[in-house]
Amino acid sequence: MALSAVAWATMLFAIVVLPGVATVVLVRSLRTEERKLTLIREQGSIDSYSPRALEELREWIHANPNDPYASEARERYNECVQTLRESDEPYYDWSADQIETLETIEE
Amino acid sequence: MEESEARTAREEWGSRFGFLMAMLGAMVGAGNIWRMPFTTGQNGGGTFLVIYVLLLYLIAIPGLMAETMIGRYTNNGVIGTFRELLGGGTGRGLGLVVLIVNVALMSYYAPIIGWALYYAGHSLLLTFTQAGFQPQAFWDGFISSPMLVIGMHTLTMAGLAGVLVFGIRRGIERVVKWMIPLLVVALIAVGVRGITLPGGMDGLAFIFTPDWTYLTRGSTWVAALGQALFSTGLGWGIALTYGSYLGRYDDVPLGGGLFTAVGNTSIGLLAVFATFPVVFAFGLEPSAGSNLLFISLAEVFPQLPGGWMWAIVFFVSFFFATFTSGLGITEVGVTTVSEETRLSRTGSVLAICGAIWLFGLPSAYSSSFLGQMDFMFGTFGLPLATLSIIALVAWKLGPERARVIELNRCAGIYVGQWWNPVVKYVIPVVVVFIIGYGVVSSIGTENQTLMILGVALMAALVVGSTVAMGVVENAARTPTSEGGE
Chain A
339 MALSAVAWAT MLFAIVVLPG VATVVLVRSL RTEERKLTLI REQGSIDSYS PRALEELREW
399 IHANPNDPYA SEARERYNEC VQTLRESDEP YYDWSADQIE TLETIEE
Chain B
1107 MEESEARTAR EEWGSRFGFL MAMLGAMVGA GNIWRMPFTT GQNGGGTFLV IYVLLLYLIA
1167 IPGLMAETMI GRYTNNGVIG TFRELLGGGT GRGLGLVVLI VNVALMSYYA PIIGWALYYA
1227 GHSLLLTFTQ AGFQPQAFWD GFISSPMLVI GMHTLTMAGL AGVLVFGIRR GIERVVKWMI
1287 PLLVVALIAV GVRGITLPGG MDGLAFIFTP DWTYLTRGST WVAALGQALF STGLGWGIAL
1347 TYGSYLGRYD DVPLGGGLFT AVGNTSIGLL AVFATFPVVF AFGLEPSAGS NLLFISLAEV
1407 FPQLPGGWMW AIVFFVSFFF ATFTSGLGIT EVGVTTVSEE TRLSRTGSVL AICGAIWLFG
1467 LPSAYSSSFL GQMDFMFGTF GLPLATLSII ALVAWKLGPE RARVIELNRC AGIYVGQWWN
1527 PVVKYVIPVV VVFIIGYGVV SSIGTENQTL MILGVALMAA LVVGSTVAMG VVENAARTPT
1587 SEGGE
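So the protein lines, in turn, are chains A and B. All residue numbers for the first sequence refer to this note's numbering, where the first residue is 339 and numbers rise by one. All residue numbers for the second sequence refer to this note's numbering, where the first residue is 1107 and numbers rise by one.
Simulated from the structure, these hints should not be mistaken for lab results. Since we're looking at a predicted model, the values are computed, not measured. Treat the hints with caution; some may be incorrect.
[Stated by the list, open to error] Pairwise CB distance ranges, derived in the manner of DEER restraints:
# : chain 1 : residue 1 : chain 2 : residue 2 : range
1 : A       : N402      : B       : S1473     : 53 to 63 Å
2 : A       : P406      : B       : L1230     : 54 to 64 Å
3 : B       : G1353     : A       : D426      : 15 to 25 Å
4 : A       : E417      : B       : A1562     : 42 to 52 Å
5 : B       : V1573     : A       : T442      : 44 to 54 Å
6 : A       : A401      : B       : S1473     : 18 to 28 Å
7 : A       : D435      : B       : G1353     : 26 to 36 Å
Each residue gets a CB set at the ideal place from its N, CA and C atoms; glycine is no exception.
Working from the sequences, and respecting the hints, build out all of it.
In structure tokens:
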């Protein structure tokens, strides 16, 4: 029995969104890990938040200064800012201008 | 001092590939290889797949991100994680609930691994291609022999203990790094062979032709929800435990969430390709469940040219799938016991594997008991454990706080605010719905008594675990006569 057009479409959809996505994610995950390890070997540490994630973290800290997790959040934020200032090559897509405008958050 | 240092130094995964294969191996089990094909077949083929994929991306992936994330955040097993996040609250007993449900699930999963081991062993002995081989009689002879089934259960637990005793990196990681790639290659090979059989394409037509009338049936959505939530490994405590061995620079959402859920389902899809063409080529019943695997396929592989080889490839890979799940499920208990007691890693492995072996004896002895355990713990225990873990993120840590502080830290993909309502509302509502559906659909059926027993057991488990954890914590706080704690 030949497959109908709709059966072909469903099969291709399933292959693309399952094994297709899994393969792409696996390759990406292994490549980014390799890059992370290389940067850590060369620099000792890497920036732990992307520009968007760090901006959200900063906003959250400002919005919740008395939260029980606020000091931990500040510590992580400041550590990331410090690492970005000291690193030659950031892990995430940070521009020099973006890094220059970053400031640590005091308690 | 040396012992103290050894106990506080926590192991980490040796490589990213090792972690990903361990997660995949833990989540891919019997549910993917035999349940996904026949659940798909029973629920409208392509329609089920479309609904399932939708729910996978909407619910399972965010849920797995949450579970893996709290493991990495606390660097603790299940009880330690609940204690760290809940402090002195009575809710920390829910950590014990997750552990007990996990051990109970493994107690009846271990005999199934034993079945897979038995068939893998016989495929290597070329039993299935011997003249006069009768698959039904072979299965009946095996399952009705307590000596054989308990023997296989014992071998399984010994094998799991033999790997787990070496720890995360030298034990689990070393095994899964070759078992999972071999499983994938084996399923692809069997799938290609099946499709090229005369009539094999009929199987694909059956599975991928959507019957849209199933779209409006509640049973299709419930089946897809159950498969998407629980066969992806959410709520077993595995993602939490494996996540606790991640390092500070490791990603969570890309590997622990997206890859684990999608990779797991991809192997289910490969199992569909590996079984349905063969099923249709030989005119078998596609919704035969476990019989399809152990009786029907054992009958058809020998009829293929080079059938002995295909039988080995299929049954050995099925054993790999179940064994690597067994490693993940058992590690949840091992990690927790080694953290919460004075036992060493070896002592914890022996204690947990011994307990699972002992509690698994009734399930190994009686398939009917195994079915009852599966009904009670699969229908009510696993949703309860899932709810406990998700509630920890959703209602205690808080999804927004968890997302900005921990989830997006060193992440391979950015997770936006859409994640918050999914974790806080959608997943808990879906899990409660599944529990409710399990109750309602059992009323007036032969499962009614078992349902009442299951619900009562889970309620008792929550109360008992909470009280037990309270007693243990109070005892730990009470100063001894020597003045120490």
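Hint by hint, work out which the structure violates, then give me just those numbers in ascending order.
Number 6 - this is the single hint that the structure violates.
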